[in-house]
Every structure is written in structure tokens, then in C-alpha cells.
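K.L.:
Two chains, two separate frames, one set of hints: put the complex together.
Residue numbers (the working numbering), protein chains in the order written: chain W, 1019 to 1245; chain P, 937 to 1394.
Among the clues, some could well be false.
[Unchecked claim] Sample of chain P residues at the chain W side, in silico, Cβ under 7 Å: (1) Phe1156; (2) Arg1158; (3) Asn1159; (4) Leu1197; (5) Ala1198; (6) Asp1206.
Hints listed in this document are in silico derivations from the structure and should not be mistaken for laboratory results. Glycine residues also receive a C-beta, built at the ideal position from the N, C-alpha and C atoms.
As a plain string of letters, each chain reads:
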Amino acid sequence: MLKEAPPGIWEAARPHGWVLEPDALRLLEAAGVPVARHAFAAGLEEALAAAARIGYPVVAKVVSPAILHKSDVGGVETSIPDPAGLAAAWARLARLEGFRGALVAERLSGLELIVGAKIDEQFGPVILLGLGGTAVEIYRDVVTRLAPLRERDVASMVCCLRGARLLTGYRGCAAVSLPKLTAALLAFSELVTAIAERIESIDLNPVFCTPERCAVADARIVLAPAP
Amino acid sequence: MEPFDFRPLVKPRRIAVAGVSLTNDRHPANVIYNKIRLRYPVPVHAVNPRGGRFLRDPLYASIAEIPETPDLVVIAVRAEAVAAVLAQCIERGVGAAVIVSGGFAESGRPDLQERIAAMAREAHFPFIGPNCLGVYAPGRFDTFFLPGERLVRPDPGGVGFVSQSGGVLVDQMVKFSAQGLGLSLAVSIGNKAVVREIDLLRHFAADPATRVIAFYVEGFGRNEGRAFLEAAQAAGKPVVVLKAGKTDAGRRAVGSHTASLAGDYRVFSDALAQFGIVEAHDEFELTCFCESLSHYPRAIEGRVGVVTVSGGHGALATDILSGLGLEVPALSAALQAEIREGLSANVRPIAALGNPVDLTGSSTDEDFLAAVAALGASPEVDCILLLLLPYSPGISADLGARLSEVHRRSGKPLVAYVPHVEKYRILIEGFELNDVPVAPSVDGAAFMVEAMRRCRPC
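Here chain P stands alone, though its shape is the one from the complex (with noise of 0.2 Å):
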């Protein structure tokens, strides 16, 4: 089948929201339509029926009746409407629609789902749900029949993100935001019952502006998972999964050992690793995994430098990484002597080289500018780790922005913990506006240097 023209979906230049309500304020339909014509860039125009006028803008009794035909209807009106409308999308030429309306498969109706979804298939028009918040485009529109006001609206950005749950979608909209990180595109597809996770993935793979592929998934259907890995795997660039259901009901464990072992999960979560995708368990992973690929998105073997001022700090980084599986290898006498050498005197006898580089409370910048800039021309490390507490006085606001310099030039990747406290954003933004991610915790830190590592086939 030829791929979708997902161009009317992700950039519409027309809307139009079906279903608006001269009832209800807080119809889905009335919420969309209010904060699209208030809030973004792009014309939309009211549908329902009745026509008229709704609060002093036209009211269009049919898709047919609107001027200019729109890119894009979000369709919000009953279950048993949905067809008629999406008759009237396909007959005047409309590129895509989003149907937020829920009472189909998920509530005992596979036959008002099925019906739609034929109207579409025979006429190759996609459409995302039914029963789901649909699209998220930061800057541009968005169809979440949610008020902005109680959304947390990620800003553009490199992350490409499909979700089967709408709640999940905003709220990792909420984590995405807290870590500074911003999104391509956001799409809740609900029932997928045409736009499905592959369609969406050969969207994002082709799509300049995506550089990770994220996706919370509960379950493929039949014989769509390998397809699926295959297209990831073809994408060039990273794919971050993270699979609900992980639980298996063990309904097949009678007469086969290897159907009981080899449950739901356990074949889900081996395919990923088999080919090269990167498997979140949960949405803190996952969100470290996306910031930490959308920086880096190359495979590392995972031999890691752990630069800090805490001797503490690095002792559980060293734990953690470790516990991963990760390496922190023991440092050469001769990197450590070149160390060393660039240390400033008062911290040259005190500083501990070994790995953990742990420069001491009594460092500053130009000492974690001479250890980085070494582990960073050095071919016994492949990543650097920096635990940056910045109460030392010695680390000024501009560390930062001259850290990532010495990962520009080396290629490492370099991740950072700092607090994140507003009263260090200028130091967090030094290394993030210079395309070094930063975590929140000395956790997040060693998940974001296990992505770059589970990042190739196993």
C-alpha cells in the first residue's frame, strides 16, 4: 500500500472542527475549536448541522458549505454520526481528519469502527483514532479536547511521540517539558483503526525535524509487531519503546513449556533488543532515553568516565552504571598522569584519578575543563559522566556552555547531572542550549548514557 500523505495531518493550513456544540461550552468539540481559533496561527472553521452562527463566526451546516476546502476536520460528534461526516471529509477532498469521538471497538461497537475505517481505506484517506485526543503540534494547532490552560505544552523540539493512551500522551507531555525537552509531533491514536504506530514511525523516520521516535505501546496486532521492528530498524535514526502489559495472563501455559516461557512480554521485549530499539520500562526511562538519543543518536559500547566533585556522587554513579551493566573502567596510569598534569595546583595533590575522576570540592572550571578535555581525546572511555553540584564555589554559571565546547571538538558524548533548582538554570542551559542533556538525578544521568548503549542490535 502506498504510504499515507500525512502532510495535511502534521501541517494543516485549513481546520475544520465538526460537532461544535450552540449547547455546550465544554463540548470536546467547542474546546478545540476555542483554542485553535484563539490560540494558533492557522484559520478553523465551526461545523454542526443546525449552521448559523456561533459565538459571531460562521457556522457550516456540512463540510460542503465551508469557503475554502481545510486540510484537516476533527470530527467530535456522536459515534453513529461519525460515518455520515466522514463522507462529506472524503467527498470534498479533505487531506486527513482526527476522530476524537469514543463509543466504537473500545465500547462493543466493531461495527460502526469497521465501517469507517472501509470509508477510508477505499478512499486511502487517513485518520487518526476514533477514541482519542489525536495531534499535538507544538506552535501550530493541537486537537486535545483539553483547555491549554491545564496542559503542559512541550516546545518544539526533536521528539517524535505516538501513544495508544491519550492520558499518557499528556502526561509525559508534562515529563517531556521538565526536562527541557521538546517535541516534532505528539499523536494519541487511540483505536488506530487506519493510522496505525508503523504509519506514523515512516512519518517520523522521513520527517527532518524528528530526530528520536518515542512510542508507549499496549499491543501490536497480529503479525503487525515484525513489521513494525523492521520499519524501526530501517528509520536511521533512534526508536524508544515503552510496552504496557508487560504481565502475561499465561492463558497458553498448558501443553508447552516454550509458550510459557516465552510469554507476550518476554518475545516483545527480546524482538526490541534483537533489532537495535531501545526499550524504556517506564516513563522516567523513557524520557531520559529521548533526551539523552536526541543529543546523541549513535551507539556507544558503554565504557563510561565519571567526572565529579563528590566522592559520594561518583561512588553511586559507579553503582548505578555498573548495576546497569555499563563499564567504568579503571584509568590508565599514563591518562591519569595526562590529567594530572592539567589540574590546578591546589587541586593536583587531593584529586583522585582513578575512575571515578573525582576533582574534589576545591576544583574549578579549568579543572573540569583539563579532566574532560582528556577523557575526551582518550580511547579508554566512550562517554563522559559529569556530576556537577554546583554548591563548590569554584564552578561558575559559564561551566556549562564551556564544557559542551570540549564535546564538540571530541565528538564524546558528554551527559551531565546538575539539580535541577531554578537557581542553576543558567548553568543547566549552558550544557543544554549547547546540545549536552542534562539530568535531574544521578540516575537519570547513568539511563541516559544506557540508551546510547542499548542502542544497536543485540
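Pulled out of the complex, with its shape left as it was, chain W reads as follows (with noise of 0.2 Å):
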């Protein structure tokens, strides 16, 4: 449980109102909701290095202020296949605007959901869950509940979805694993909890599910405008 966040989150993400993804994934982690392993770069080197130790292929994403949208200005090289892949996105990467580094991760596969949270005027922080990836919008199969959730709110969840099936195992396809799911949700519903004050919405849009593990590859938190 999330006693309080790594210190200097908050305060490095109010002048551009919400948090830079290191940031986000470091809040995450600290709060017990399993990510995809990463490092921050904040030179060529030292990307290289992190990708050495993470393995290839990997995913470079721009760390910058001026950026919230990553992937609509190019931000995110989702398949490189080695160093001299790496030194290519990376060079494309720091022509970005704001560019101050670039975050190095493992490429991720598996069946993409999105959960989300957001403070709702009515009834205050909101879970979500959906099918994710860049269709999220077409579809909306997503569903909602009020945090804090319990174990049975996740579970009601998952067989609300319309597409439930592609999580619990469809002909070729396997389950995703439920525990996972439920502990990674279980563990996001608590940190939505502690933060609803300081938050508008977060994304974690896709987070990757396989029968072995579920796992963030992307975060954005807003921040609530300031009073």
C-alpha cells in the first residue's frame, strides 16, 4: 500500500499539469502495479546501456513537457531490434520538442486492455477497464466502477466487458491471468484513492496481459487544475 509518492513527483509535474512518464511509472511501481521494465536515458549511452540490460527488441518513448500525446508527433519507436536501431531512434527522438530524454523499455505483447481512472463530479474516482490499444475509442468496450474496488467489483467487471471472452480464453486464444489482473487493478484502485486529490485522470493505455503476468507499457496522469 501507498503510504506516499516517491518524493518530487508532484512538484515536477504542476507547471505543465501532469506527470512525465518515469514519473508516472515510478508512482506506479512505488504503489505495487506491475510495469514494463525500463530505464530513463537521458543520453545515447546511457539508453544503450539500458537497453543491454532490459533486452532487445525494445520500445524508445520522448520524455518531454511540451509532449502528453507521444505517439501523434512520432514519439514512440515501439520495435527496435538493436544498437544501431536504437541510435537511429534516438536521433529521430531528439528533434522532438521539449526533448529531454527518452524512456527505454522491454517490448511487451499480449492481449491490450486499458484501465483508467478518473475523478468524477457526481461520484468522485472512477475505475476503468477496457479493451485497449489504438481502437479504444471505436469499440468503448469499456466498463466502470467506484473506487476503492474489492475483489468482486474486478471480477464483475471483466465478464461485463463484451469482448470478455478474449480474457478468460477464446478457441486459439489463451486466458490472460486473472489474478494478475485483479492484484494490478486491486493495486491501482488503492493509489487512485490516495491521490484522487491531486488527480484529473489517468490513462495506462495498453497495459499488456499474457496467462504469466499483466504489465503497464504506457501511463499519463493529469493533474487536477490547480484551486
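P.N.:
Next up, the structure:
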């Protein structure tokens, strides 16, 4: 259970109104929400070292306070096979506005889910689960529950999705680990409850789930407007 | 905050109406005063600062002048004059008020509304409104400024209904009445400046006459929704909510998938399910759900045994039930044999018993009793849906009353469809007066079953 956010996160986020991704991942990890193996690199040497530790292929994402929607500006390189590829990707990312460095992370696979939170005007903190990825706004297959979640809320969220069978197993597709997904959602719900005053919304999209694990691949935390 | 004492509001022993006009017969205050004076068993007094006589009754110049303190004052004066009357009520020790007058927050004068709300909160004085129709208490009184002859007036019964819209309330009274569904109390809460949904929810939860609590809600205030859900879950009786405003403006869609996907209505609807509150999607569902849950206030899983005289109706009902996600399970060979054993000699060879149980047009009362008794005693289904088309000559007018005894023996919910036309009235009442709900259509009957399934946390 998260008692306190790692130091400095809110102060660093305040000027631009949202939490930079390395900090967002730190916050999630501290709360017990599983995230992709990753490292922040301020320079190419650091990035190469991180990628060697993590293992190729890797993903590299721009870290810039000016860029909230990274993929809209070409700020996400999703399939980097080797050090040469990483150097080339680095050169492209470094040209983006406000570039501070890049997040180097393992390349995950599995079923793409979206996990989110928002502070609802009428009901307070709300947790969302849905089928994620880029088509999330098209199918809109999502379900929400008020935080804090109990274990049975997670079970009912999964079974309320139209695509529930993608999670519970369908033909060739193996079921994702519901215990891991449940643990991740419960930890996330506790985090959201603890920081509800500070935030407006959180998108964890995608969260990759397999029969073995669930891990957050991308995190965006938008702060509540200053009072 | 200590809960309001609503006794003066719901069972007033004396009422005053402020704003009665000497010149305008159609003034809301006059309509309200006249209907209470002429048609309800509660003393009522007219108030107008000019004093004198109204018709042949005294017209009091202020609340203070009324010889005995009223429990309830209906305030129907101009918005600017409401605060003064409210002050008189509080000063006099009146128990509650209904402020019918408009001209507050809904028309750009939140200041006027905040002023009267602050006065009431300070004195812990409950008032309904402003900008509302107020209270309909069947057989006791009502504060609607609509002439009695223009209203459809449900009988006393088990539904407590709270509506943010007066128009929806009046129209819903028509629908409840057509369904033979009675009200314990109906309240149009208008701008809900002081008394809000949650206050009345708590009142209805404690009121022994109320078996189902129903709401028409447009929206809650900031963070008010969660407290409402928790109170509804703690009410210990079914709560049904019809929410209007399902389309989101999508105003916060920029910047966050979650904010765009989890719109106001999505969150509202999912939260109701999470807390075991039954959401009705329209007025027809609201009526069906209230009818069903006022008879059967407990949840079922939704394994339905369908009994019919017509194969077509059985198929239609099965389609509707399946579409709602309810199950119409195939009955075991043993149960089918047991049912067949009880059927009359000419029906036995032609009836189809797989579920739907089609007793055919040759069936008689005894065949229905046998089939329903067997289903009632079997764990294979947890609810029975009867499609009763009284054209068949073997069906008597007594069947409703006789079948309801089967339900009372087994405790298993029984819902019937009988066409709602006057000539079948005696059959319908045979069910309804014996605690079995009757729907006016096949889909209505399916909704009555669905209500029981939704009545538990998801």
C-alpha cells in the first residue's frame, strides 16, 4: 500500500499539469502496479546501456514536458531490434520539442487492455477497465466501477465487457491471468483512492496481459487543475 | 446532520396555503387550496397578506394569524416574497413547507434560492422545491397546482417515487395507475434546494408502507452520487432509478481516453449496477420494475420456466428473455415426466414440455395448476413466467387466484402476461389482488423478470 508518492513527483509535474512518464511509472511501481521493465536515459550511451540490460527488442519513447500525446508526434519507437536501431531512433526523438531524454522499455506483447481512472463530478474516483490499444475509442468496450475496488468488483468488470471471452480464453487465445489482473487493478484502485485529490485522470494504455503477467506499457497521469 | 423529521410533510394534520388570490381563480395557490378544502380529509387555511375572506372561509394575513399551527405550509407566492413567508413558517413552528414558486436557480436567480436554503438549513427546516409540484399522498392530500379532475390519481400502495421533474411525475402517475400500481408517496423535488433525493430515500427506507423506492434523476450534485448509492444499498428494499441525460456532451474528451470513455452516464449506469440498484432505461421499464419488485423484493439468478397456451408466445417470450440475458433452461426428462403426469388426458399427448411449457389451446385450469406446481417445486427454474391468453375456453376467471396460491406455497416468483382489456379484468385482479404481478404485454412480463435479476450488486 502506497503511503506517500516518491518525493518530488507532484512538484515536477505541476508546471505542465501532468506527470512525466518516468515519474508516472515510478509512482505506479511504488504502489505495487506492475509496469514494463524500463529505464530513463538522458543520453544515447545511457540508453544503449539500458537496452542491453533490458534486452532487445526495446521500445523508446520521448520524454518531454511539451508532449502529452507522444504517438501523435512520432514520439514512440515501438520495435527497435538492436543498438544501431536505437541510435537511429534516438536521433529522431532528440529532434522533438522539449526533448529531455527517452524512456527505454521492454517490448511487451499479449492482450491489450486499457486501465484508467477519473475523478467524476457526481461520484468521485472511478476506475475503468476496457479492451485497449488504438481501437479503444472505436469499440468503446469499457466498464467502470467506483473506487476503491473490491475483488468481486474486478470479477464483475471482466464479465461485463462485451469482449470478456478475450480475457477468459477463446479458441486459440489463452486466458490472461485473472489473478494478476485483479492484483494490478486492486493496487491501482488503492493508488487512485490515495491520490484522488491531486489528479483529474489516469490512462494506462495499453496494459499488456498474458497467461503469466500483466504490465503497464504506457502511463499518463493528468493533474487536477490548481485550485 | 440529523435527518429531517418528515412526518409533518407526509402526514400533515393541518395545512396552510400561502398566496391564495382574490382575483385569479386559476392561481396555483387557489387550485391547491380548493382541492384540499373540497376533496381531502385535512383542515386547510388560506393565506394572503390582504386578509379578509376567501369564498366563505377566513383568509389569514400571515401564518402567525392562523389559530392553530399548521404542520405543512404550501408556498405559492412570487419568488421575491417566498423568504418572508418562509420566515413566518419557521417563526411559527411549522413542520415543513412545499415551495411551489418558480423564479429561482432555474431562471437565473441562484441568489434568491441560496437565501431561502440558508434560512432553512439554519433552522433545520425541511422544504421541498422551489419550482416543483411537491407532494402527492394518495387519499391524504396533494400540493399539485393541477386540478384534480385533470390528474390520474394512483391508489395508496407500495411505491415511493421521487422525481426531479414534475411533468415526468404526473405522467408516471398515469402509467402506475394503468398498471394498477399504488403509491405510498410521490414527490416532485424541483430545484431540490434543501430536501434532496437522499433525504427522501432515507425516509422511504424507514417507511413500512413503501416496498419499492423509485427515482427519476437528471443528475446529482458534486460528490452526492456516492452517498446516494451507499444509502440505497443500505435501504434494505429495492431501489429503481430512471436516469435522463444519457448523451454526454463529451466536453472533457481531450487529453484522456478514460475521461472520454467514462462519460457521465457510463459512470452513473455502471455505479448503479455495482451497488445493486435497478436501472430502468425508460418509463415502461420503470413501471414494470416497480410492479415486479413491489411484489418480489429479492434477487433471482434468472432461470425462467415459461408456461404458455400458445407456442408462438412461448417463442417470443424466450427470444425477449434471452435477449435480456436471462436463461430459459431445457427442463430435465424427470421434471417433464412429472409435469406430464399431472396434465389432463387430452392435453397430455399434445403438450410440449421442454421449456417453454406449451400446454396448448386445449388446456384447462387444472393443466396450468399442475405445470406451475411442478415448476414451483423444482430447483431447475427460479422464476415462472405465465403467458395466459384467456381466449381458450378451458381457462376460467378463477385461474389467477388459484395459481397465486401455488406461488404462495412455493415462494417462487410468478409473473403473468394477460392482455389488459376490460373483459379480462376479473382474471387480472385474481392475480394482482393475490400478490402476483400481471404485465400488459409479453415484453413487459419479461421486464418484470429482469427487474428481479438486476436487483443485486453486479
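K.L.:
Let me make sure I understand: some of the numbered hints might not hold for this structure. Which ones are they, in numerical order?
P.N.:
Structure breaks no hint.
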